[in-house]
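Visitor: The listed protein sequences correspond, in order, to chains A and B.
Here the first sequence stands for residues 35 to 295, numbered as in this note's numbering.
Here the second sequence stands for residues 21 to 262, numbered as in this note's numbering.
One should not assume that every hint holds.
[What the hints assert, rightly or not] Chain B regions said to be covered by chain A (calculated; three or more residues, Cβ under 8 Å):
1) 96-109
2) 195-207
3) 217-225
FYI, nobody ran anything at the bench for these hints, they're computed from the structure.
Every residue gets a Cβ at the ideal spot worked out from N, C-alpha and C, and that includes glycine.
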Amino acid sequence: MSKKLNLTLHVWRQKGPTAAGDFVKYPASGIDDHMSFLEMLDVVNEGLIEKGEDPIAFDHDCREGICGSCGVMINGMAHGPRKATTACQLHMRVFHDGDEIWIEPWRAAAFPIIKDLIVDRGSLDRIVQSGGYVSVRTGAARDANNIAIPKDDADLAMDAAQCIGCGACVAACPNASASLFTSAKIGHLALLPQGGPEREDRVRRMVLQHDAELFGSCTQHGECEAACPKQISINFIARMNADFIKTAVTANADLKQREGQ
Amino acid sequence: MDRALTLRSTTVGTKAIMAVTGAVLFGFVVVHMLGNLQLWLGAQAMHDYAVSLRKIHGVLWIARAVLLASVLGHAWSAFTLVRRNAAARPVPYKHARRDQATNYAARTMPITGVVVALYIAYHIMHLTLGVGVAAHDPQNPYNNVVNGFSNPLIAVVYIVANVLLSAHLFHGGYAWFNSLGLSNPRYAGMKRAFAMGLAGLITLGNVALPVSVLAGAVKPTTETFCSPELGPCAGPGVEPGR
Chain A
35 MSKKLNLTLH
45 VWRQKGPTAA
55 GDFVKYPASG
65 IDDHMSFLEM
75 LDVVNEGLIE
85 KGEDPIAFDH
95 DCREGICGSC
105 GVMINGMAHG
115 PRKATTACQL
125 HMRVFHDGDE
135 IWIEPWRAAA
145 FPIIKDLIVD
155 RGSLDRIVQS
165 GGYVSVRTGA
175 ARDANNIAIP
185 KDDADLAMDA
195 AQCIGCGACV
205 AACPNASASL
215 FTSAKIGHLA
225 LLPQGGPERE
235 DRVRRMVLQH
245 DAELFGSCTQ
255 HGECEAACPK
265 QISINFIARM
275 NADFIKTAVT
285 ANADLKQREG
295 Q
Chain B
21 MDRALTLRST
31 TVGTKAIMAV
41 TGAVLFGFVV
51 VHMLGNLQLW
61 LGAQAMHDYA
71 VSLRKIHGVL
81 WIARAVLLAS
91 VLGHAWSAFT
101 LVRRNAAARP
111 VPYKHARRDQ
121 ATNYAARTMP
131 ITGVVVALYI
141 AYHIMHLTLG
151 VGVAAHDPQN
161 PYNNVVNGFS
171 NPLIAVVYIV
181 ANVLLSAHLF
191 HGGYAWFNSL
201 GLSNPRYAGM
211 KRAFAMGLAG
221 LITLGNVALP
231 VSVLAGAVKP
241 TTETFCSPEL
251 GPCAGPGVEP
261 GR
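Using the sequences and the accompanying hints, generate a full structural model.
Guide: What follows is the structure, encoded as structure tokens:
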């Protein structure tokens, strides 16, 4: 049995990056409680299109909770009220008939608004580009299990590798810091032997890029961990800090020199 | 040189500086509280304690220099990060972001930090320098403290400041582990308890002193002391070296 919900939405509408924006009130009537949050927005958008109005722009792709596209603030919480759940996997049954729902884009200097609920998360991509990879010679595929990796390390690396880069950690952080994202991207490589050779340069480059993107600093509130749809632990931030501090005070090679700058 | 600069010019490095200086100040607060508890041992103990701090040549001034450097480093990193973090979200949420994990102590760190800094300035003027205290006697720290706390207004200032300090110490004592990357999952659950326990004990000790004076359990002494380490003695008729 499904229930029908009648809701009032307050959606952030903003025509473009430099335009002024504000909340606009929309009724959402007859919403099936088995719908996902994005399906609910689809229904509202159909109504807007029928009326000849501009539909609400929101980012989405897989709708399976694995692509990281769909994050929005729902009632002041990144991805809404359910733990370990992306906005697309949030179902309307968590809301009650008559609820008012406030939908706002991520807010950070590093996440400029493109339109309505869509922000540019290119800053996260640039952090990964700065070092979130391993350099390998291409060629024939290696045998599986060619390099022995302890099970615990593999598990922990996978915990970090679950990061989908949705930006909820930044959105939820009182300081708009991307520490959890950066540390997850550093952590999943640092835990594996393949990530070993570039470990020092990687943490240094990625932290510098994080800062260059104008993200804030970590002050250990733990809001990122609570908001993360993949439940990535802030322990990865501690790991990143340990790696970075060690690199900063002990590294044996000068990066600038090596890069010939 | 490049490596060291990296520490000062990044969020992670600045936070590490904050954590190290904070740990030094945290350590000082523990020792300071334990020293102060000698108030309950009486005026002679307090006097001897003050003398002993000056007996080891240079140690007091080295300690003061380290503490001053720590305060400056702590304040610099706080100022840098608070400004940076404000700039990281120039447009605030119009529908307020709802906190799900943080606590009051963590949220108010900049405020409690400023209050504690002002309190330290007042505390040094009140008991170390004796600014505006007519009966201030460097030879008799016991009476300086007891006379000060006998004024309910001053006692309340100390109590309130120490409660705010405990909030600062709680979040600081918890966060410095992660800021320095000292994080082992085996001890993760103990960090909060460690910070809460230590902050609680420090505050209990510090608040107990003005409370015991206000309650009349600790009274001023009529004894007089004179030790050259503490400067010139109050008046004629006092034998040098007691």
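Visitor: With a Cβ-Cβ cutoff of 8 Å, does the segment 217-225 of chain B contain at least three residues near chain A?
Guide: With 0 residues in contact (Cβ-Cβ under 8 Å with chain A), the coverage given for the segment 217-225 of chain B is violated.
Visitor: How about the segment 195-207 of chain B: do at least three of its residues have a C-beta closer than 8 Å to a C-beta of chain A?
Guide: Since three or more residues must qualify, the claim that chain A covers the segment 195-207 of chain B holds, with 9 doing so at under 8 Å.
Visitor: How does the segment 96-109 of chain B fare against chain A when you require at least three residues with a CB closer than 8 Å, holds or violated?
Guide: Satisfied; 6 residues make the cut.
When the structure is compared with the earlier hints, a violation turns up for hint 3 alone.
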